[in-house]
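Peer 1: Taking the hints into account, I'd like the entire structure generated from these sequences.
Read off the chains here:
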Amino acid sequence: MSDEKRISRRSFLDWVLTGGLVAWAVGFVAPVLSYVWPAQRRGPSTQTVSAGQAADFPEWQAKIVAVSGHPVIVVHTPQGFRAFSAICTHLGCVVGWDPQRREIACPCHGGFFDLDGRPVAGPPPRPLPEQGVVVINGEVMVKPA
Amino acid sequence: MKLPPRIHDWLAQRFDIGVAEKFADDQLHKPLPQATGFWHTFGSLSLFLFVNQVVTGILLMIYYRPTTNTAFESVRFIMTKAHFGWLIRGLHAWGATLMILCVLIHMMRTFFMGAYKKPRELTWVLGVFILGCTVTFGFTGYLLPWNQLSYWATTVGTEITGAIPLVGNYIQLLLRGGEGVTGETLARFYVLHVVVLPWVLTMLIATHLFLMRVQGLATMERVGEEKPIDKKHAVPFFPEHVLKEGVVFCVLIGVLVTLIMLWPVELGEKADPFVTPEGIKPEWYFLSTYQLLKYFPKTLGLFVSMIPPLLLLFWPFLDRSRERHPKKRPIAVTVGIVAVVLAVAFGVVGHLSETNVRIVGVRYHFDIYGVPHRLPPTDEAAPNPGTVGAKSRTASER
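These protein sequence lines are chains Z and L, in that order. FYI, my numbering numbers position 134 of the first sequence as 1196, with every residue one higher than the one before it. FYI, my numbering numbers position 293 of the second sequence as 1382, with every residue one higher than the one before it.
Just so you know, the hints here were simulated from the structure itself, not pulled from any lab data. All figures in this text were calculated on a predicted structure; none of them were measured in a lab. Backbone N, C-alpha and C define an ideal beta-carbon position, used for all residues, glycine too. Be aware that a few hints might be false.
Said to hold, decoys possible - Ranges of calculated distance between the beta carbons of each label pair, as one might list FRET restraints:
1) Z:Gln-1123 with L:His-1462: 23 to 33 Å
2) Z:Gln-1109 with L:Thr-1159: 26 to 36 Å
3) Z:Ser-1096 with L:Thr-1388: 25 to 35 Å
Peer 2: Dropping the structure here:
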C-alpha cells in the first residue's frame, strides 16, 4: 500500500468519532420516529353487518352502514343488492346516493359512479371497491372488505 | 428610555449593563431609509398578530379538550358559557386570517420593492418558511373544533398528501396517525398546533428579525451600490416609525373587533365521519390551490401546485438583476402581478364553484370547474351534486 493511501491515526479517529455521532443521532431519532408512527394496526375483520330488513329497503334506494369502522354504501337495484366502499377514490369524501340520476355521487367534487362502482363523471380515478352482500332470513348482510 | 435610578444601580452592581443599554439604544434609534413608510409596518403587524395568536391560544387551551368526544363540546362551552369565550375564539380565528393576510402583504411589499436581493436572500427564504409555517398553523388549527367542515377539509387535505410519489402514503399515515381522520389525527394536529409550530415559528421569526436588524432595511438603490443611510434625512425608528406602527395597530384592532362583531365565528355541526356535507371548501388561503387541483389528476395536480411555493422560495436566486426599483424590473414585476392575479382569480373561482349565484337578476350554477351555467328562472334546484349529503356552508362563510 502506498503512503498516500494510508489512513493516519488522526483521520481514523475522526471517522470513528463521526460514525459514533451519527450512530448516536440515529439511535436517538429512530425510537422517536417509531413512537410517532401509528401503533395500532387493524387485522382483517370477518364480521358481517346488517343493513336492515330487505322488506324495508325499497328498490332504487341506498343506505350507508359502518363495516369495520368504514362507511359502506348498499344499493338496492332491480338485480339485487350491491355494496361498495363509500369512500370516494378521489379525495376520501363519503359518497351518497343520487335518486334522480340513480348513481352513486360524491358531494365534494362532483364525482359519479354507476351501479358497478365505476366512475362515470368527475375526477375519481378508480372504481369504488365492491363488498359482498347477502340476504339471510330477509336481512341484508354486508361482508367486510 | 431610562431605567429608574434605584433599579439601574441595583442591576449595575451585579451586571455590566452598559453593553445591554448601548444595544437597546442602538436598536431604538436605528436610522431607517427615507422611503420607509406605512407599507413597511406589515411585518410588525404580522408579529403583533402572532403574539395575539399565542395569548388567545393559551386562553383557549384552558377550556379546550382534544378528544373526539370532547373537542366540539369544549369549543361550544367556550363560545356559550366561558366569559368572553366568543371574543377570545373570535380574536384567535380572525387573528389567524389577518395574520396570513399581513404576511402575504409583507411579502408582496418585499417582492415589488426588490428587498429580497443580495445581501437579504436568506431573510427572504426565512420569510417563505414563516409563510409556510403560518399556513400550516391554519391547517392544523382548523381541525381542532372537530366540526363537519373541519373534519372533511382535513380529510381532503390529508388525502392530497397521499398523492406525493413514493412517500405520500407514509406521510399521510404519519399525519393522520392511522388510515382515516380520527382521534389520533386530532391529537397529532393539537400537538403540532400548540407545541411544535409555535416554537418553530418563534425561532424562524427571531432569526428573521435578527437578520433584518443586522442588515437593515433595503433601500431602492442598485445591488452593490447602496450608500450608507444619511442620518440627517433618515427616519428614526423611535419615535417616527414606532408612531406609524402604533397608528396601524389601532386600525388593525378596530378591524379585528369589527370582523368578530359582524361575522362571528360559528361552530356548525359536530363531525360525522359517515356523512360528507356538500360543497366542502377549505379556508380562503387554500382556495386557489384547491381549485387548481380540480383541473389535474391528483399527482400531476400536486406537482403543479408545488411550483408557486418553490418559485417563491428560490426567487432571489433566479432573479439576478441588480435593479431594485420596480420600474426597472419589468419581468419580475410582471411575474409578480400575474401570480397575484392568478391566485386571486383561482381563489374566486374556487369560492364560486359548486354554488348557485344570482348575477344581475339571472341565476347561474358554477360547476366544479367554475364554469357558469345559466339556470332557468323556475328551476330552484341546483344541478347535481347538490342532491347528496346534508346541507352545509363553506368554510369561508363564517
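Peer 1: For a quick check of understanding: which of the numbered hints are violated here, in increasing order?
Peer 2: Per hint list: zero violations.
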